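One-letter residues, chain by chain:
2 protein chains.
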Amino acid sequence: MKEITKKNFEGYKYIDGGVCAAKGFKANGLYCGIKKTSVSDGNESPISGNKNDIGLVMSDVMCAAAGVYTQNKVKGAPVTVTKRNLETTGGKAQAIIVNSKNANTCNADGEQKACRMCELAAEQLGIKPEEVIVASTGVIGQILPIEPIENCIEELAAGLSYDGNEKAATAIMTTDTVKKEVAVEFEVDGKLCRLGGMGKGSGMIHPNMATTLNFITTDCAVSSDMLKKALSEVVKITYNCLSVDGDQSTNDTCVVMANGLAGNAEITSAGEEFEVFKKALYIVMMNITKMLAKDGEGATKLLECTVTGAKDLDTAITVAKSVICSPLFKCAMFGADANWGRILCAVGYADADFDINKVDVSLSSKAGRIDVCRNGSGIDFSEEEAKKVLIEDEITISVSIGDGEGAATAWGCDLTYDYVKINGDYRS
Amino acid sequence: MKEITKKNFEGYKYIDGGVCAAKGFKANGLYCGIKKTSVSDGNESPISGNKNDIGLVMSDVMCAAAGVYTQNKVKGAPVTVTKRNLETTGGKAQAIIVNSKNANTCNADGEQKACRMCELAAEQLGIKPEEVIVASTGVIGQILPIEPIENCIEELAAGLSYDGNEKAATAIMTTDTVKKEVAVEFEVDGKLCRLGGMGKGSGMIHPNMATTLNFITTDCAVSSDMLKKALSEVVKITYNCLSVDGDQSTNDTCVVMANGLAGNAEITSAGEEFEVFKKALYIVMMNITKMLAKDGEGATKLLECTVTGAKDLDTAITVAKSVICSPLFKCAMFGADANWGRILCAVGYADADFDINKVDVSLSSKAGRIDVCRNGSGIDFSEEEAKKVLIEDEITISVSIGDGEGAATAWGCDLTYDYVKINGDYRS
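First to last, the sequence lines map onto chains C and U. Mind the numbering: the first sequence is residues 1 to 428 in this note's numbering, read in order. Mind the numbering: the second sequence is residues 1 to 428 in this note's numbering, read in order.
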C-alpha cells in the first residue's frame, strides 16, 4: 500500500539499484549500535532491534557534487560540516557517511563529531576528510556516541559493494515504514547514463530548499556548477513542494554526486543535454517526493494537488502547497469526504494573485474523476461517486485558477489518528 | 475544564453581561430552524436539536463602529455586505444580526440574502439597513434559506433585552462546546465605562486580521477613527496570534460598537484615555482569544507561547506563532511530553531575525516551571517534574530569544485524536 504508482516518461526507463544504479558507485549499511535516546528531530525509528543505523556510499572516482540544506536556523552539525566540505573542495566529493538514531544537533561537540565521521570514512577509503559528505538523523540534543562508528568503520568500508544500495537505504530509515529508492536510465551524448537515489523521512517534513535526507548519484558527466543549477531548479518543484506536517527539520540535506563514468562529454552549460539530465533528476526526485508523502507519519493516502492556469510557476506552487498543508483538508481526505469547501478555503488563503471566481476544482483517482466546484461556486455531484474516488489511496486534487501558463504539483498525505499517536507518544 | 484562568489587570474589573455589559445594549437569540446541510466553513454545530441559530444585538442609540475581516480571497457574502455598510455610514452602526448553521458563502445569491437579513432587522428596529452589521457561520456553498429568518424576525426583535447576551452568545456557537463571553469595567474621564464581547469558532481558526465571529460592545464614547485604530492594534496581538489548525476561515469578522452612553468626553485622539480604552479592548479580546484556543476542536489543553527579548514586536509574534502552529509540538503537548527539540525546531524555522544560540526555553503551568534549553542547547531536567508541569490543562511555553524589548504571546491548543475525528467524519 505504501508503494507509489510511477508515471512513465518517454526516453527514461525505471531501473533498480538506487544509489548503486549509476556506474562506479558502491554502498553498504549495517547496525553499529547507536543508542536510541531522548529528544528527536522527528525522525527516530520505531523499529526496535538491530536495524541498520550507519550507511556508506563511495564512488570509484571523484565526483562533482552539489547540495541543498535546511533553512532552519537550528542546523544539525553535519549540515554545517557538509556545506563547508563542499566549499573547501569547490563542489567535489567522493563518499557519503550517514547515521540514523541520533541527529547530532544542538550538541556542543557536534561539529567535532561530524568531522570525526568524515575522518573515519576518509581513512578507510584513502581519500581526504573534506571529500566526504556527512549526514545524521534521529534524536536532537543528545551527544552522538562516536565509539560505535569507530568500531564498525572497517567492516562498513570492507562491505562496500556495487549492489549494497538496499543496505544503505535501510540504514537511513527512521520512522519510515518502507525504504525509498528510485533510479532511471537515459541517454546523453549517445551514452547510456544512470541516475538513482535514496531518501528517508516521514515526520517533521515541510522542506524549504531541501528535505530530510536524500542522496542521489549519477554516472552522467556534469560540472559542479551545472549540477548545482539542476539541483536547485528541480528541488523547487519536487522536495520543496512536499509537506507532511508543516514542520521543517533541522537536518534536511539533499546531495547529488556525478562521477562521469558514463563517458559522455561533460555537461558544462545549459542546452538540450542539460535538459535531458535535469529531467532524469526530476523523475527520480519527484518519485522520492511521492514516496516520502505516501509514507508520511500515520498516512493512509498520498495526496497530489496539481494547480494549472496560474500566471507563473511561483503562484501555482503557492496555491498547491496551501491546499496540501491544510489540516482540515487532510482530515477530510482521511475520511474520504468530498468537502470541497475546505479546498476552496485553502486556495483562498494562499498568498498568491488570482481571481477566486475563476477557480475550478476536481478530485480524481484510479476510480474516476468528479468535478466539485466551477468558477468558485459548488456544483452538483454524486456523493456516492465521490466516495468511490476518495476511498482510493492515491488522490489527485486538480485546481485550475485561470488562463495562465503556470502549473505545479504539491504532494502530501492525510492527517490521521496515527499521526497524533506517533507524535503524542513519541518519546514515551 | 474549558474555562480559562483569567489574569487580573489593575484598574479593570471583570463583570458579567457579555455584549450587554455596556449601557444601552440589548440582545436576543433563538432557534429559527436553519437547516444543517453539506459542506462547511469548518464551523458546523455538532449539537443536534433546536440550538439557537439566530442572534440580534441592538444599541439604544447610534454607535461608532469598526470591523476587521478575513483576508481569505473566498469571502462570505455577509463579510462583503458588512464592509460596504460600514463604508456607507462612515463607521456607524446600531445593530448586529447573525446566524449559525449556514455560512452564506460561495452562493450566487449570497449578497442578496445578506442584504435581506439587514433589511429584516432594520424594519423591526426602525433603522436603516446599512446601519446593520450582518454575519453568518456554518456550511459553505449551500443556499441560505431566508424563510426561517423572515418568520422569526418579529419574535427575535420583540425579545431583545438588556440581559439577553447569553441567548445571543449561544446563537453564534457552532462546534464550540462552551459559549464565550468576557466583559470589563474601567474608568475614562471620571466616568465608569463597560466593554464586553462574545466570540465563537473552534475549527478553521488561524486568523489574519480578524478571526471567526467576534462582537464587542462598549458604552465608552470613542470616535470611529480611534475605534478602528484601537481595533487594528489590539487584533494584531490577540486574535491574530491565535491558531487552532492553520486554516483561515472565509467568514472571519470582528466588529466593535461604541455607543457613548457612559457619558465620557469622546475619545478622538491618542493619549492617556485612549490607552485606557485600548487596554480594556485588549483584556476582553485577549481573554476571548484564550477561550477560542482552549475550546479548539478536540483540544485538551490551552497552549500559550510567550516570546521575549526580540528586536521588535513583529519578530516576537512570528516566533510565538511558529511554535503554536507546529503540529509536532502540538502532538507532544497532547502527550504531556517535554520534547523541547520540537519547540527549538519551530523557533528555528520561524521567518525572523535573531541568534539561535541565545535562545532559552522553559515550560510552566500552575504545577511549576522547568527550564529545558539554554543558549540553544538542551540542559538537564527531571522528566518526572516535566510531566507534572505538562499534565495540566494550561501550559505556558516561555521563549527568550535575545536582549531586545520585543515581546508577544500566541495562543493555541494541542492536536488530538478528537481533532482528526471531528474533521475526518465532519460531513458524514
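One or more hints might be untrue.
Because identical chains share one entry, a pair is satisfied inside a single copy or across any pair of copies.
In silico DSSO-like pairs for lysine-lysine, Cα to Cα no more than 27 Å straight-line [stated by the list, open to error]:
1) K421 x K2
2) K191 x K279
3) K128 x K6
4) K92 x K358
5) K92 x K51
6) K358 x K83
7) K358 x K128
8) K229 x K388
9) K2 x K358
Hints in this document: simulated from the structure, not taken from any laboratory. Because the structure is a prediction, the values reported are computed rather than measured.
Each hint, compared with the structure:
1. For the identical chains of this complex, K421 and K2 are neighbours both inside a copy (19 Å) and across copies (23 Å), given an alpha-carbon limit of 27 Å.
2. With identical chains, the CA atoms of K191 and K279 are at most 27 Å apart within one copy only, with a shortest distance of 16 Å there and 73 Å across copies.
3. Taking identical chains as interchangeable, the C-alpha atoms of K128 and K6 are never at most 27 Å apart, the minima being 39 Å within one chain and 62 Å between chains.
4. In this homomeric assembly, K92 and K358 never come within 27 Å of each other (Cα to Cα): the closest approach is 48 Å inside a single copy and 34 Å across copies.
5. Taking identical chains as interchangeable, the C-alpha atoms of K92 and K51 are never at most 27 Å apart, the minima being 31 Å within one chain and 69 Å between chains.
6. Taking the closest pair of Cα atoms, K358 and K83 come within 27 Å of each other only across two copies (23 Å); inside a single copy the shortest separation is 44 Å, beyond that limit.
7. With identical chains, the CA atoms of K358 and K128 are never at most 27 Å apart, being 58 Å at best within one copy and 34 Å at best between copies.
8. Proximity of K229 and K388 under a CA criterion of 27 Å is satisfied in neither setting, with 42 Å inside one chain copy and 51 Å between copies.
9. Proximity of K2 to K358 under the C-alpha cut-off of 27 Å is found in neither arrangement, the shortest distances being 35 Å within a copy and 42 Å between copies.
Hint compliance for this structure: hints 3, 4, 5, 7, 8, 9 are broken, all remaining hints hold.
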